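Enquirer: In case you want the letters, here they are:
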Amino acid sequence: MPSTAFEYAPAPESRDIARLKPSYGIFVNGEFRDGRGEAIKTINPADEEPLAEVAEANAADVDDAVAAARKAYEGTWSATSGAERAKYLFRIARAIQERARELAVLESLDNGKPIRESRDVDIPTAAAHFFYYAGWADKLQYAGLGPAPRPIGVAGQVIPWNFPLLMAAWKIAPALATGNTVVLKPAETTPLTALTLAEIIAECDLPPGVVNILPGGPSVGQSIVDHPGVDKIAFTGSTGVGKMIQKSVAASGKRVSLELGGKAANIIFDDAAIDQAIEGIVNGIFFNQGHVCCAGSRLLVQESVHEEVIAGLQERLQTLRLGDPLDKNTDIGAINSSAQLARVRALADSGDAEGATRWSPDCPLPDRGFWFPPTVFTGVSQANRIAREEIFGPVLSVLTFRTPAEAIEKANNTPYGLSAGIWTEKGSRILWAANKLRAGVVWANTFNRFDPASPFGGYKESGFGREGGRHGLTSYLESEGYLAQ
Amino acid sequence: MPSKVKTGLSRPAKTTPNKSTAVARQPATGERIAVRKTYKLYIGGAFPRSESGRSYPVYDRAGALLAHAAQASRKDLRDAVSAARKAFPGWSGATAYNRGQILYRIAEMLEGRRDQFAAEVAAAEGLSDSQAAAQVDAAVDRWVWYAGWADKYAQVVGGSNPVAGPYFNFSTPEPTGVVGLIAPQDSSLLGFVSVVAPALVTGNTVVVIASSQRPLPVVSLAEALATSDLPGGVLNLLTGSVTELAPWLAAHRDVNALDLTGAETGARVALAEAAADTVKRVFAPAEFDPLAEPGIARLGAFVETKTVWHPTGV
Numbered sequence: 001m002p003s004t005a006f007e008y009a010p011a012p013e014s015r016d017i018a019r020l021k022p023s024y025g026i027f028v029n030g031e032f033r034d035g036r037g038e039a040i041k042t043i044n045p046a047d048e049e050p051l052a053e054v055a056e057a058n059a060a061d062v063d064d065a066v067a068a069a070r071k072a073y074e075g076t077w078s079a080t081s082g083a084e085r086a087k088y089l090f091r092i093a094r095a096i097q098e099r100a101r102e103l104a105v106l107e108s109l110d111n112g113k114p115i116r117e118s119r120d121v122d123i124p125t126a127a128a129h130f131f132y133y134a135g136w137a138d139k140l141q142y143a144g145l146g147p148a149p150r151p152i153g154v155a156g157q158v159i160p161w162n163f164p165l166l167m168a169a170w171k172i173a174p175a176l177a178t179g180n181t182v183v184l185k186p187a188e189t190t191p192l193t194a195l196t197l198a199e200i201i202a203e204c205d206l207p208p209g210v211v212n213i214l215p216g217g218p219s220v221g222q223s224i225v226d227h228p229g230v231d232k233i234a235f236t237g238s239t240g241v242g243k244m245i246q247k248s249v250a251a252s253g254k255r256v257s258l259e260l261g262g263k264a265a266n267i268i269f270d271d272a273a274i275d276q277a278i279e280g281i282v283n284g285i286f287f288n289q290g291h292v293c294c295a296g297s298r299l300l301v302q303e304s305v306h307e308e309v310i311a312g313l314q315e316r317l318q319t320l321r322l323g324d325p326l327d328k329n330t331d332i333g334a335i336n337s338s339a340q341l342a343r344v345r346a347l348a349d350s351g352d353a354e355g356a357t358r359w360s361p362d363c364p365l366p367d368r369g370f371w372f373p374p375t376v377f378t379g380v381s382q383a384n385r386i387a388r389e390e391i392f393g394p395v396l397s398v399l400t401f402r403t404p405a406e407a408i409e410k411a412n413n414t415p416y417g418l419s420a421g422i423w424t425e426k427g428s429r430i431l432w433a434a435n436k437l438r439a440g441v442v443w444a445n446t447f448n449r450f451d452p453a454s455p456f457g458g459y460k461e462s463g464f465g466r467e468g469g470r471h472g473l474t475s476y477l478e479s480e481g482y483l484a485q
Numbered sequence: 001m002p003s004k005v006k007t008g009l010s011r012p013a014k015t016t017p018n019k020s021t022a023v024a025r026q027p028a029t030g031e032r033i034a035v036r037k038t039y040k041l042y043i044g045g046a047f048p049r050s051e052s053g054r055s056y057p058v059y060d061r062a063g064a065l066l067a068h069a070a071q072a073s074r075k076d077l078r079d080a081v082s083a084a085r086k087a088f089p090g091w092s093g094a095t096a097y098n099r100g101q102i103l104y105r106i107a108e109m110l111e112g113r114r115d116q117f118a119a120e121v122a123a124a125e126g127l128s129d130s131q132a133a134a135q136v137d138a139a140v141d142r143w144v145w146y147a148g149w150a151d152k153y154a155q156v157v158g159g160s161n162p163v164a165g166p167y168f169n170f171s172t173p174e175p176t177g178v179v180g181l182i183a184p185q186d187s188s189l190l191g192f193v194s195v196v197a198p199a200l201v202t203g204n205t206v207v208v209i210a211s212s213q214r215p216l217p218v219v220s221l222a223e224a225l226a227t228s229d230l231p232g233g234v235l236n237l238l239t240g241s242v243t244e245l246a247p248w249l250a251a252h253r254d255v256n257a258l259d260l261t262g263a264e265t266g267a268r269v270a271l272a273e274a275a276a277d278t279v280k281r282v283f284a285p286a287e288f289d290p291l292a293e294p295g296i297a298r299l300g301a302f303v304e305t306k307t308v309w310h311p312t313g314v
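From first to last, the protein sequence lines stand for chains F and P.
Each step along the first sequence adds one to the number in the working numbering, with nothing skipped, and position 255 is 255.
Each step along the second sequence adds one to the number in the working numbering, with nothing skipped, and position 204 is 204.
Bound-form chain F, shown alone:
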């Protein structure tokens, strides 16, 4: 283990900045009130201490929210011009920027992710999404979707816990820009930033019912999906739940877009700039503790550079700092929940059982909270569970290849197809590999980049529909398929 020349002094953000309230409710028809479901405590995954009590929604609250969204859709919102809708969205973007620090701290408290990431990625990108789609609201007739594309109606949206505010922005911004109204359910373990967003939306004077936010568990999600008053479902989450949603709306004629799981291959060719590639590998799988559907969780290394890459990667991982998410020096935060930690542990244990070799840096874990060290498995075979199943944690599975064709074959050998990475200095090889990879997002000599102008979404069992960019509009318009999904 390399010696550390200088110890880092702790540089924590103050949790007071988050302006936590003792309790939160649901946001329906422009008003906050207690949900009629279970009252749960949302906890800080870094120390398991309760942060706030949340009065969750139940099916009756879903009825109210859908009714409010319908009324707003048929009343005020459809009578609001694109230019006026745009200004509401610009307001929201600006308000998120104004309260960025508060939201970042709140996000790191509720989710466990390092403040560096919530501050530099989650919150600014969420604001950017509102800003981007705001500009579309009065330009839809120029989007190549026909002369007068129409909104779908009431959109039911269910989002995950890995990027709580950012996923809310990905869902709400395009829906409102295109003239739909929204009923959104944040994840049960991370409702707080979505509820602060509700506060922002109320302060921005959006008409009541245009956005409704219902914290709750899977039953609330199911009520939204099944609700006859909902015209469109947008879901981000696991492939298993995505399949159930696709099946349960088959009879209803609801429009659906699904952003599901992944098992991305990150391919390192022997002519790659190895130091840069190692940074890309680290960013690919350890960003956000690996709680990323497009994480580069399968590392495919060309055999001739395998030893060099693994040695360099191990050296680099020794320098990662795991601990307090609010500390600005922290690289790896907490696992979001005990349930997720159990899943990560079980899959990692299956790696041991199936004969792969586990390695983690010398990395003390805090006594309290949910923690898992950055972990690298070498000697992984294609058939191993850790090479096939989405772990959604800081666990990298390393496989090797000899020829470029073999790399592509292995990369595509998965039911998923969300993202992929390519590392090589040869331009023609990048374009060749990018063309062959069956994945919706391909990062070449970079990884895990996101931008509101860039379409995001999967092939195969990673889902369908795109979020971001002009393509993201199609998920919320009756466009008769003018654009590619």
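Heads up, some of the hints might be wrong.
Unchecked claim - Label pairs and their calculated CB-CB ranges:
1. 138/F x 152/P: 21 to 31 Å
2. 314/P x 76/F: 25 to 35 Å
3. 271/F x 86/P: 26 to 36 Å
Said to hold, decoys possible - Derived lysine-lysine pairs resembling DSBU-like cross-links, with alpha carbons at most 35 Å apart:
4. 139/F x 152/P
5. 436/F x 37/P
6. 37/P x 243/F
7. 426/F x 86/P
8. 75/P x 436/F
9. 436/F x 86/P
10. 152/P x 426/F
11. 247/F x 75/P
12. 86/P x 243/F
13. 75/P x 410/F
14. 86/P x 247/F
15. 410/F x 152/P
16. 410/F x 436/F
17. 243/F x 152/P
Stated by the list, open to error - Simulated coverage check for chain P against chain F, where a stretch passes if three residues somewhere in it have a Cβ under 8 Å from a Cβ of chain F:
18. 125-139
19. 302-310
None of these hints come from the bench; they were simulated from the model.
Keep in mind the model is a prediction, meaning the values are calculated, not measured.
Glycine included, each C-beta is placed from N, C-alpha and C at the ideal position.
Dock chain P against the given chain F, drawing on the hints supplied.
Expert: Leaving out everything else, chain P in the frame of chain F:
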């Protein structure tokens, strides 16, 4: 001579369709006996009979026997999917210009056999000669329309994305993969072409279940495909019972998308539910008018947007 070869059957040529009798005409003494065609499946570029050995009678609208068509089985369907998967890398990897030329070539082949197809469509659909000819002409024109899209669609729906960082970022439509289609039940040729051509032109390979009651014109179409440089396996054609085959197609784990245009309303929900098990893209338009302006909705139904990032810098 051509009038005898038209349908490969001895159905009276002059009889008005709705009044035709169910009795095959006896050839006059000394008249040449026509060579009848065996209507088979088209899988992987070959024309096999059903592995099940089954066939079923196909009648014209008046109830006269036209021919016995192959009645495909689940095993035939699996063979067809496997052929389509095998053909996918080649077809999706072909240049758009090449795909466009091949689709145009299909139009040329169809045009050259216009009379034959008109006769077969007339027999299958009970149309007058001029109505049937109009269907064939529209089908030819539809191949031409879609052929021209091959090297333009990506320009219309793809492009570069101005991301906020030092990256070049572009999006392009790519074929979804193997598409399973249930062809329209009424419009035997034009309907078939209208659903198949848009899936093919973007680089998908397809498995199509033909109209159960009117399968014969498209079996002949497969002959035109086989002589149009369309690689074997790119289009695989099954004739038989939609009711029997469609559930297997919808549930097949190596099919990426499903076009339910020809599935009856009552069957669609179960098929869409089966499709969800592998997150298939399901295209099930409420209405279908083969004579309407096609638009580009069908092109968008079976493509995936791929977005590629690369840093810029020195």
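Enquirer: Tell me the hint numbers this structure goes against, listed in increasing order.
Expert: 2, 5, 6 and 18
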